[in-house]
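Chemist: Below are the chains, spelled out letter by letter.
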Amino acid sequence: MNSVYLILLLPLSGALLLAMIRSPVVAGWLNIGISVATFLASVNMALIVLRDGPFLTDNSMFYIDAFNVYLIVLTSFVGITTAIFSRPYMRYVLSEGWVNPKRMRLYHSMYQIFLVTMLLALTTNNLGILWVAIEGATLATVLLVSLYRTPESVEAAWKYFVLCGVGIAQALFGTVLVYFAADHVLHMPEAGLQWTVLYSVASQLDPTVMSIAFVFLLVGYGTKVGLVPLHNWLPDAHSEGPTPMSAVLSGLLLNVALYAVVRCKMLVDPALADPGWGTPQLAGYLMMAFGLLSFVVAGLFLYRQQDIKRMFSYSSIEHMGLMTFAFGIGGPLATFGALLHMTVHSLTKSAIFIAVGHATHIAGTQFIDKIRGLIKTQPAVGWGLLIGTATIAGFPPFGVFMSEFLMLTATMQSWPWLTPVLLSGLAIAFAGLFRNIHPMVYGAVPEGQQPVQANMLPVALHLLIVLWLGISIPSFLANWFDQATLLITGSHFL
Amino acid sequence: MSGWLLALIQLMIFVLGAPFLVIWIKQVKCRLQNRRAPSFAQPYRDLGKLFRKQVVLAENASPLFRMAPYIVFAATVLAALTVPLIAIKLPTAAIADMLVLLGFLAIGRFFMTLAGMDVGTAFGGMGSSREVSLSSLAEPALLMVIFTLAMTAQSTNLSSVMQYLLDVGVVLRPSLLFALLGLMLVAVAETGRVPVDNPATHLELTMVHEAMILEYSGRHLALMEWAAYIKLMIFGVLIVNIFFPWGLATDATLPALAIGFAAMVFKLLVAGVVLAVAETRLAKMRVFRVPEYLNLAFLLALLGALSHIILEVGV
Amino acid sequence: MNIVDFSLHEQAILLFAALILFTSFALLAQQRMLASIHVFAWQGALVAGATVLVAIVSKQNHLYFSAALTFGLKAVFLPWMLHRLVNQLGIQHHVETVVRPALVLLGAAALVVFSYYVALPIEKLSLLSTRNTIAVSMAVVLIGMLMMVARRQAVSQVLGFMSMENGLFFAAVVSTHGMPMVVELGIAFDVLVAAVLFGIFFLQIRDSIESLDVDRLNRLSETDQAEQTRE
Amino acid sequence: MALDLALYAVLAALISSAVSATAFRIPAVLRFLAFPLIGVSGACGAVAGVMALTDGSVLSTSLPFGLPWLEWQLRLDVLSGLFVTIIGIVTFAVAVYGPGYVREYEHGSHPLAQLGIFTGLFIAGMFLVVLANDAFLFMISWELMSLSSYFLVMFHHEQAANRRAGFLYLLMAHVGGLAILLSYGVLATFGDGFSFEAMRNAPLSPLWASVAFALAFIGFGMKAGLVPLHAWLPEAHPVAPSHISALMSGVMLKVAIYGFIRMTFDLLGEIQWGWGVVALLLGSVSALLGVLYAIQQNDLKRLLAYSSIENIGIIFLGLGMSMIFIGTGLPALGAIALVAALFHTFNHAMFKSLLFLGAGNIVQRAREQNLERMGGLMIRLPYTGVFFLIGCVSIAALPPFNGFVSEWLTFQAALQATALENGVLRTLIPFTAAMLALTGALSLACFVKLYGVAFLGQPRSRRVRHARRTALGIRVSQGLLAVICLLAGVFPNTVVNLLNTIPNMFIGTDLAAATSRGWLWLTPIAPEVASYSAPLVLVGILAAWLLTWWFIHPRGARGVRRGPAWDCGFGPLGPSMQYTSTAFAMPIRRIFQPVWGIEEKIEREVDSHGLRVTSISHQQHIYDRSWATLYEPISRWVLSAARRVSRLQQGNIRVYIAYSFFTLLLLLWVIS
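Protein chains in written order, with the numbering used here: chain A, 1 to 494; chain V, 1 to 315; chain B, 1 to 231; chain X, 1 to 672.
Worth flagging that the hints you see were computed from the coordinates, not collected in a lab.
Backbone N, C-alpha and C fix where the C-beta goes; we use that ideal spot for every residue, glycine too.
Careful, some of the hints might be misleading.
Said to hold, decoys possible - Listed below are several chain A residues computed to face chain B (Cβ distance under 7 Å; list not exhaustive): (1) Val132; (2) Glu135; (3) Leu139; (4) Pro151; (5) Glu152; (6) Val154; (7) Glu155; (8) Trp158; (9) Gly165; (10) Ala169; (11) Phe173; (12) Val176; (13) Asp183; (14) Glu190; (15) Leu193.
As the list claims (entries may be wrong) - In silico negatives: residues of chain A with every beta carbon more than 12 Å from chain B: (16) Ile32; (17) Asp58; (18) Asn100; (19) Pro416.
Bound-form chain A, shown alone (with noise of 0.2 Å):
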């Protein structure tokens, strides 16, 4: 049991520790020594949980199931190679001037922070938690956003911040309607947000509150998804911000909003199901609307963009609207792809973000027309970038390729006639991706560009990881989303 706290406490004493030490080389060590920590423990806790399945800590603050331990793995997963990659990164940073030893402090506990808070949110037992958890991430890493201190990054960092707030505090009104419809189905105050209480008895929550109560949370956390229209912040904050925390932001966080969007849904389903409510599958259109909308709108952003990172952040928001969509449609195949797409995701454009902070290293600019002959000038760095940008474009033998077949196949048979805008909305995001890639890793070399010393390590490995996944899922993660997609779906897929 006591691995739970193990997961949270190492990330947590790590950032008091680094928020302690001067020197940004030793800092730089240590987060890569804690986020391992951190990793090997919930690798135990996984272990645990394919031993002797989901558990519930004693005081019932924590619960972990299949839904989650996968989320919580590849979280301290995505912390370490992010951690790896920062390193020399910030390093660089630092060497440019950009920042001050101080920041950099800063930055490397609020790092660490940033992972305590999610890995709250995935193992919090409480919606109530849940909600600080995610507020809490904000608030670790809008510093972050504006650590370059340039009135572009504090722009983006106080859009980030009132944007966010507002989008939490309705999160947080949608709470108080869940807890206040709970409260008169069980008249325990302190169990009344406790996820494994509310959802044996989702079932008898009022449908009326339970709806306005979703409608808030959904708009609520799916501002921190970024689904249009509430995505304005999201591009800000990763273009501006220092790449690794770009790539936390799009390869983590986003994940955990959606995790807490679904959760909800898993709460209001049941209680809509009530046959005195007309449509049981409110849930289910909302999601599905704002994920097909924010789809087909941030593939159109693609095409016109300046700068790389906000590019790719766009790329995030399509597919965090793919997945919201999916999840929508409810139904195991389409649940099965999303989770898969999850992980899958979360991998690869972490892995991108990592090669384009390279990219931009050797380019000493982030404007796209700036950068030129990746391939040729450092070929690991091109291919990266390349590969990463085919993988997240869904070719195949990737897995990204999977889980988007998964979930196109699950529209084909429960919405045909949506399909083709599906189809359409992918191309379209394939085109704008690539007439921006292509002159970037192509082409002749621009004179005075240098090779850096780049740390390819972690992109290969997210990549290969992503590929194995394409070719064949292992059969305990396969069951994992199984249980995931009977907990979420109430169906088993396999």
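Since the structure of chain A is already known, use the hints to place chains V, B and X on it.
Modeler: Just chains V, B and X, lined up with the frame of chain A:
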């Protein structure tokens, strides 16, 4: 066995008779134009002389240039081999049906045009270019004619087509009328006669066939010319024997063959007269008027095919 | 049914609700910086008061604690901090001109009606009063957002944001007698940190654009003219 | 056994791509390890395919990869067998050709490893596509094929034009892939399951079947290069290294054909003749336009690429006819058309690869890809000259080579149109046959031009004049393909016998009659209806040739005398006096005027008195009309949509809050 022998005899007639057909046409033309005609032996004399003369090759002529005449001649002879001349039952016709016949002619054209480009003179290139351009229109027309026949006779085998037409006797088929007209137009184009081309001229703006063989001399030239004669005769025979199959020997008995031979000679002479008259009446047209002419031919042939489908076998 | 049929404390709660709603209207209308900070302080105090009332009625002791927390945070700390910042930034006498104030107020009124209409179907599982308080708190939340839309001043945006939080607290307290303790603590902590961060950002924004007018934070734009300016 | 061999072929290709990774350090690895492995793969494939074709049994297995509930299903039946054979043969030829070809890159700046890795993946992908027995594996290997070939196209990515070509290629490949995916989606929905077995038994309503067909037609047609979805093909094929162009043009397009046949004849079940009409029309249009565009090209490889479009058109024409016949209940005739199409598929793979390999050799030896600067290569590259000639003869459909047989069969099938009930169809098919005839004649013109300009006459540039030395492997590979062209042409019965198993599997009938009269005679319908004896034709030609030579050729004296060209007595000849490629195609350009978009610019410079023309410059650019009509509008639309969307992100935070605000209100209003 007798069949193969017969085939060889027919081939001989083809090869030896072709120059005669040419000179016959020339004679008639001269009569019509009140000119003194060369003697009937003239083409044979020309060929013989050419065969005796030494060959002069351009320095940069490639091996292909020397092979071409033989290939062209061989292909044309094979084509002739598959055309029933005096008797229908022709084993060689089974080897190669009408489509293959076209194929043979195409081989000849292919290598002749290549040879035309080989030395690298402007004339040769021009001739080849025009030849392929025009034939690319003529060939489909010819093919449509063949289609019409094949669909009528339910066979692409030349001798069975003739057999069929002979058996059914006189039937007024619009399709065959169109086909005949089309075939005549195409034949004129393919054999390079007025108004499409003029074998008697060496004016660079007008010549097509002559331009291609401009660089040839001696036996090579002889073979090319001879092949051209044979080609002319093939088309003549096709026209007369398909559309007027009467007199063709259906069995290999001597009298039948004799009749067949006589009929063939007669028909060819008539055809020659018709051609001569036409050539005298018409003037050579500009090269870029020719496509319109060929489109007409194609149109007729297509009409033939369609009218067959619509009017004759309509369900 | 009618207000006279309500028990006393329900009437009191409704009174509080009305007052809180009034304060957020006042916040929306108030254009002078210091004054609006004071209004906000009052709102916080009212929420705390409501909490105490509920605590008395429902005899849940942890509510006293959370009432204290709310009071300390919303009625004392935040106003004080904003006060200090405003002085520091030298905008205490800043008067913000809202575009079409009448229209905005009308909109706010409409929001009240709207949130009443939304909360209407909830009656079957709670007392009328609770339902109405939910409607009121939803209105407060929405008005807070409206304020953030209407105001160009960073400080007033923060006020709007915090008044949303007040609405949330009020809802939590009156409809469900307060959230579990852990959650309350967590939320309070977040609010605290948020407040501090807001302070930091005021300074950063001021450093970067020499003002707190959020309309001038528009470098990150993707419209055509923005691109022209960039090139 | 056969299936195992095929899998070994895949394995060998993968290994070769793996070992090529080391070429970063030692470039020679490619020559001495990677290409031999590819050769092994090709040989295995060819053997496996022939085995599958001969014993006609259906082998299937599954590999422990893929979806958790569906392993990779593989299956080798006669159809796959044919295509495995094609891929195998060409791959083998390429493997023989490769070492000599890449040697020069070893000193160049291009990373050979990239070439090797993706060549291996490309080949493995193609093999897997034809072996796949479930939609998932099919899509994976399909896209693997596209992606790796894209990286190969981008091998010379310095020129912007090549980058553009690569992008276009990848984009269209992806779009096509999505269409295919969707059509499989339809099948999987009704047959619930991605395995082809499930799809075969899918109870499809005719409407949905047509939907699936349309999607598949778009997807596979895009890959195969059907007009108007062909835009990527003439851009991408010439750009790749030549042995890759050979693989792409010779094999990859065939893989698309395979997908189409598998989808239409196998998975979709009941064939509707309406589909046949679509395929027939688009096929004939592609054939005609393809050759018309080909004949106007001056870039050697571009010309070949367009001619690929033409041949694909012919193949689809045959398939369409077969679908019409089958759909109207005449399976026997359908079988003829199908066999004709398959035969042509095989032939095109052979001679197009042969031509591309030859073109590669020319480009490498003469450093010249523009026909206008070539000439006289026949003497300089004799081997390539001969083999290329054979390629031209075959593709121009002259007897007794293979190209002729397939076109002959197609015509024979078309001639049976009178058997159709439906009058419209009966008139339609002769029409398309006429177009096919036109195409044939034009392709003859096209290849006369190609060969005449490139190989005959005098060299038009210095580099071409000094072209020499062809590596052994390059000669051998071309020779191999040339021999296959000849054999397939001279012994069509063997090929037809092998192909017969395919219609047998799909529609239960075949051309038993075709070869009933022994190896000498090919009689598709009946001896008296139509017969063709390729061996005798060959013998006849040789005999006639030799006899003539024997009669004509003078004994002893009077050989030939070499002298300057006569040229009607004009002055000495210069290379610039020859007919150029543009000039050669001019009459056709005038005849078929409006087909091309032509920009022509003629500049005359006259001397000071304005009397004498001192110089004339003539520029002409032929562009593909499909751009202006189809592609540019689409891209314009997308871009304008993107511009409109970007207003969303206009920078003011209050507006953003307003979005969130109104979204909330809207949703609240919606739910209550």
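Chemist: All hints, please: hold or fail.
Modeler: Here is how each hint holds up against the structure:
1. Val132: With a minimum Cβ separation of about 3 Å from chain B (threshold 7 Å), the hint on Val132/A holds.
2. Glu135: Glu135/A check passes; min Cβ-Cβ to chain B is 5 Å, inside 7 Å.
3. Leu139: holds (5 Å)
4. Pro151: holds (4 Å)
5. Glu152: holds (5 Å)
6. Val154: holds (5 Å)
7. Glu155: Holds, because the Cβ-Cβ distance from Glu155/A to chain B comes to roughly 4 Å (cut-off 7 Å).
8. Trp158: Holds: closest Cβ of chain B sits about 6 Å from Trp158/A, inside 7 Å.
9. Gly165: holds (6 Å)
10. Ala169: holds (5 Å)
11. Phe173: holds (5 Å)
12. Val176: Nearest chain B Cβ about 5 Å off; hint holds.
13. Asp183: holds (5 Å)
14. Glu190: holds (5 Å)
15. Leu193: Because about 6 Å separates Leu193/A from the closest Cβ in chain B, which is inside the 7 Å limit, the hint holds.
16. Ile32: Label holds. Min Cβ-Cβ 27 Å, cutoff 12 Å.
17. Asp58: Non-interface label on Asp58/A holds, nearest chain B Cβ at 15 Å vs cutoff 12 Å.
18. Asn100: holds (15 Å)
19. Pro416: Correct as stated: the minimum Cβ-Cβ distance to chain B is 34 Å, above 12 Å.
Every hint from the earlier list agrees with this structure, and none is contradicted.
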